[in-house]
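**Q** With the hints as extra help, turn the sequences into a complete structure.
Residue numbers (the working numbering), protein chains in the order written: chain U, 6 to 124; chain C, -3 to 107.
Simulated from the structure, these hints should not be mistaken for lab results. The structure displayed is predicted, hence computed values, not measured ones. It is possible that some hints are incorrect.
[Unchecked claim] Examples of chain C residues toward chain U, derived with CB under 10 Å:
1. Tyr32
2. Gly39
3. Ile70
4. Gly88
5. Phe97
[What the hints assert, rightly or not] From chain U, some residues computed to sit far from chain C (all C-beta separations above 12 Å):
6. Lys16
7. Gln22
8. Ala77
9. Gln113
Ideal Cβ placement from N, Cα and C applies to all residues, glycine included.
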Amino acid sequence: DARVTQTPRHKVTEMGQEVTMRCQPILGHNTVFWYRQTMMQGLELLAYFRNRAPLDDSGMPKDRFSAEMPDATLATLKIQPSEPRDSAVYFCASGLVQTSGIILYNEQFFGPGTRLTVL
Amino acid sequence: DAKTTQPNSMESNEEEPVHLPCNHSTISGTDYIHWYRQLPSQGPEYVIHGLTSNVNNRMASLAIAEDRKSSTLILHRATLRDAAVYYCILSGGSGTYKYIFGTGTRLKVLA
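**A** Here's what the structure looks like:
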């Protein structure tokens, strides 16, 4: 049963420290998404990739967040420096974009999330 | 990005059907309608999707209005394990496949 995996599952760090979250998408999927979930804002899309190329990172604070896909089996989300307001659950999702004419279809499979607490 | 509107919360008795509504009056002709649910302490999981016709799968049914401006997710017999937040999402139109999550409907199932 193919699943998206995320590490670490929990992370507690102090303000100013660098945090790296990792995601292994499902083999064969060509899109990867990063989301953040908080009680106040709900689920927000931070960035997404297709075929390892970043397509949209408009939801991400550029000064401290960065997202990369070093290879097809690994996506990373880095926060440097971290701040208490970054405390949230970060989800990675992967999917396979398929087209039917001009219509794009993409079911997303979500990982279990990384719960980040910045003190 | 087309938006969706859902009730904040709903309640259902166990073993009874549940109809979860979603309004999407600005849907484009190429938007798919997706439903996901998020169980406590888990990531969202796929429930069902459709374009124009009603759809059935082992988890649920999706009824889509003829003008596509609204849809209803139907759980035929709610169980306690169906208690979750249900999200209705539009995607695929305008050449994009990113999801914009709304606040969803929190379903409470009463024993």
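**Q** A separate judgement is required for each hint: does it hold in the structure or not?
**A** Hint by hint, here is what the structure shows:
no.	hint	verdict
1	Tyr32	8 Å, holds
2	Gly39	3 Å, holds
3	Ile70	20 Å, violated
4	Gly88	5 Å, holds
5	Phe97	4 Å, holds
6	Lys16	16 Å, holds
7	Gln22	25 Å, holds
8	Ala77	18 Å, holds
9	Gln113	6 Å, violated
In terms of the numbered hints stated before, the structure departs from hints 3, 9, listed from lowest to highest.
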